[in-house]
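Asker: Next come the chains, spelled out residue by residue.
There are 2 protein chains.
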Amino acid sequence: MLSEFSLIDRYFARRARANTRRAALGIGDDCALLAPPPGEMLAISTDMLVEGRHFLPDVDPHALGHKALAVNLSDLAAMGAAPLGFTLAFALPKPREDWLAAFSAGLFELADRYGCELMGGDTTAGPLNLCLTVFGSVRQDLALRRDAARPGDDIWVSGTLGDARAGLGVLRGEPGMAHADAADAAVFRAALERPEPRVALGLALRGVARAALDISDGLAGDLAHILERSNVSARVDVDAIPRSAALARLPLAVQRQCTLAGGDDYELCFTAPAAARDAVEAAAQQAGVGVTRIGTITSLDPADVSRAATTIAWHDGTGAPLNLTLQGFDHFHAD
Amino acid sequence: MLSEFSLIDRYFARRARANTRRAALGIGDDCALLAPPPGEMLAISTDMLVEGRHFLPDVDPHALGHKALAVNLSDLAAMGAAPLGFTLAFALPKPREDWLAAFSAGLFELADRYGCELMGGDTTAGPLNLCLTVFGSVRQDLALRRDAARPGDDIWVSGTLGDARAGLGVLRGEPGMAHADAADAAVFRAALERPEPRVALGLALRGVARAALDISDGLAGDLAHILERSNVSARVDVDAIPRSAALARLPLAVQRQCTLAGGDDYELCFTAPAAARDAVEAAAQQAGVGVTRIGTITSLDPADVSRAATTIAWHDGTGAPLNLTLQGFDHFHAD
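Protein chains in written order, with the numbering used here: chain Z, 1 to 335; chain W, 1001 to 1335.
The set of hints was computed from the structure by calculation and includes no laboratory data. Everything numeric in this text was worked out from a predicted model, so none of it was measured. Even for Gly, the Cβ is constructed at its ideal location relative to N, Cα and C. One should not assume that every hint holds.
What the hints assert, rightly or not - Derived lysine to any residue pairs resembling SDA-like cross-links, with alpha carbons at most 20 angstroms apart:
1) Z:Lys94 with W:Gly1126
2) Z:Lys94 with Z:Glu40
3) Z:Lys94 with W:Val1059
4) Z:Lys94 with Z:Gly152
5) W:Lys1094 with W:Leu1056
6) W:Lys1094 with Z:Gly52
7) Z:Lys94 with Z:Ala13
8) W:Lys1094 with Z:Gly126
9) Z:Lys94 with Z:Leu142
10) W:Lys1094 with Z:Glu51
11) W:Lys1094 with Z:Pro127
12) W:Lys1094 with Z:Ala13
13) Z:Lys94 with Z:Arg113
14) Z:Lys94 with W:Phe1055
15) Z:Lys94 with W:Pro1151
16) W:Lys1094 with W:Asp1009
17) Z:Lys94 with W:Asp1009
18) Z:Lys94 with W:Glu1051
19) W:Lys1094 with Z:Val59
20) W:Lys1094 with W:Val1050
21) W:Lys1094 with Z:His62
22) Z:Lys94 with W:Asp1147
23) Z:Lys94 with Z:Pro127
24) Z:Lys94 with W:Lys1094
25) Z:Lys94 with Z:Pro38
26) W:Lys1094 with W:Ala1148
Said to hold, decoys possible - Far from chain Z, some chain W residues (derived; all Cβ distances over 12 angstroms):
27) Asp1047
28) Arg1229
29) Val1238
30) Val1289
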């Protein structure tokens, strides 16, 4: 396949051949060969990015290269796994050298920062589509799973939420974003286009946090995954959810929509026993990332068990309950 | 993502959750966790299939499900690796239940036959695109690599070549296929749509064969990969290349084009020392697949070394040389 695409050979295969150290056999054979370190398991995640759904046709290819790998590394971070390598399969309508040069530069800059090696791939002609599969390693007993939350756990998130959703609003010219000045709009776009996977935090949280995942579809929907898998409920203080100074300048309703139902945050949401608060703060400091407590895991209400549902009780900073569903969040999320 | 696609949940995720035994953690968490058996390495390969390039828009979805996994299992076979599992990422324009039911049935029938478990995935809206990443295991010292061929080795292929290319000709209504009757046309289409990965043969050839790959782009182009990686040349008897009775009823020129430059065969091409002929035959018998000797690995001509080229000397059954390039094979292949 590469013989048809000498540009792709230049920007990916040669680079991968030169860099590969971990894989015993990589680009150029039928399979890559890889083993996790002794006593650890391979953590594997795959994500597909499609033009028009995950990025706009005029996306900066350097940013796209970054983001395509970042969203996969974020899955490793959410397991507490250390990055090892990745495969890259993509369909391109027509190889353009400037596009491939920028895309591969964005991809490899991030890959090199995390020591994550390109180990194999596939390229074909077709509507633009990127499929990465990423490999990391973690001891099975230390992996941060979704099903490990327990009543009484604190609920934490890393960084700030909502900027990426605001960035999408800026690109779409949504009315709510008319309040943002140019500098804030740039902050939002950067959050959308260049998410930073919380790999160091995920590693530092091994043995400290209980359940964890990365927030890709919005806090409300993603936290629900932890609750479902762990058979618990939650109380969350909506006003405690960390947001950037730029987002805090938007109307409160927009802030809440962006932080709760935005998506594309790629921050970690995790739970930990209250006794581990100092350890969580120490892990965050070690990783150089802020973390914020936003709520508590609670026991599943028997009524919820009977209808096989899990619930999040949202409240504001005063403790007053908020009914977010009635405020149109489901519609917003489905959008 | 699955919450948006309940049909996909029904046909893939539930099934995967019920079946997963090898992965410590699969569908439903951020990553799957997998380790190769002690002393072995994971063999990893990824392939992307795009509508219009790898299959036609009106493809039978059951056959597509089979083929999407088959071409990946074929890569494992070519390494002598035992299948363990796979991830499936796909973009669909609009989930249609009948299509998904048939596609998943074709996929899982093959997966179950090889004990290959769905371990994770991603689904999104977009132009139809399938990206599978497959995982197998093999001892590193027994892996069948592309760079291990040596002068004097026999060159072997499994099964018969060319039927899949003839099947494409049937679908396209190519003039050369006008000679095929309905029964032969059905043979060709079956070869194109339901290739059988040579997993058992790959496993049986460990410790017997030297170099190996699977023939996906046509024997001429794929054998060249072994030659390049192993720094050798080859002599091949074009008339010794095994073909089906159906293909043997087509004009000789069409037979040669289909067997040498056809693609989509998914048979194994491998080399082995002449002293291992009995062992190769025994491995083939054990695997229930025919194998045929078609030529010999030769030393690289010093003239080829200087221009960094590898060559295949083609000859017919009488030993007379054939200049296939002059007969338009390059053009055919590029088509």
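Asker: Take the hints in turn and mark each one as holding or not.
Answerer: We went through each hint and held it up to the structure:
1. Z:Lys94 with W:Gly1126: holds (18 angstroms)
2. Z:Lys94 with Z:Glu40: violated (41 angstroms)
3. Z:Lys94 with W:Val1059: violated (24 angstroms)
4. Z:Lys94 with Z:Gly152: Answer violated: lysine 94 of chain Z to glycine 152 of chain Z is near 54 angstroms, above 20 angstroms.
5. W:Lys1094 with W:Leu1056: holds (17 angstroms)
6. W:Lys1094 with Z:Gly52: holds (15 angstroms)
7. Z:Lys94 with Z:Ala13: Since the Cα atoms of lysine 94 of chain Z and alanine 13 of chain Z sit roughly 18 angstroms apart, the hinted pair holds (cutoff 20 angstroms).
8. W:Lys1094 with Z:Gly126: holds (18 angstroms)
9. Z:Lys94 with Z:Leu142: Violated. Lysine 94 of chain Z to leucine 142 of chain Z sits at ~44 angstroms, over the 20 angstroms cutoff.
10. W:Lys1094 with Z:Glu51: OK: lysine 1094 of chain W and glutamate 51 of chain Z at ~16 angstroms, within 20 angstroms.
11. W:Lys1094 with Z:Pro127: holds (16 angstroms)
12. W:Lys1094 with Z:Ala13: Answer violated: lysine 1094 of chain W to alanine 13 of chain Z is near 34 angstroms, above 20 angstroms.
13. Z:Lys94 with Z:Arg113: Since the Cα atoms of lysine 94 of chain Z and arginine 113 of chain Z sit roughly 29 angstroms apart, the hinted pair is violated (cutoff 20 angstroms).
14. Z:Lys94 with W:Phe1055: holds (19 angstroms)
15. Z:Lys94 with W:Pro1151: violated (40 angstroms)
16. W:Lys1094 with W:Asp1009: holds (14 angstroms)
17. Z:Lys94 with W:Asp1009: Distance ~34 angstroms between lysine 94 of chain Z and aspartate 1009 of chain W Cα, so the pair is violated.
18. Z:Lys94 with W:Glu1051: holds (16 angstroms)
19. W:Lys1094 with Z:Val59: With a Cα-Cα distance of about 24 angstroms, the restraint between lysine 1094 of chain W and valine 59 of chain Z is violated, given a limit of 20 angstroms.
20. W:Lys1094 with W:Val1050: holds (16 angstroms)
21. W:Lys1094 with Z:His62: violated (30 angstroms)
22. Z:Lys94 with W:Asp1147: Roughly 31 angstroms separates the two Cα atoms, so the pair is violated.
23. Z:Lys94 with Z:Pro127: holds (9 angstroms)
24. Z:Lys94 with W:Lys1094: violated (25 angstroms)
25. Z:Lys94 with Z:Pro38: Violated, because 43 angstroms separates the two Cα atoms, which is more than 20 angstroms.
26. W:Lys1094 with W:Ala1148: violated (46 angstroms)
27. Asp1047: violated (5 angstroms)
28. Arg1229: violated (6 angstroms)
29. Val1238: Non-interface label stands for valine 1238 of chain W: nearest chain Z Cβ at 22 angstroms, farther than 12 angstroms.
30. Val1289: holds (17 angstroms)
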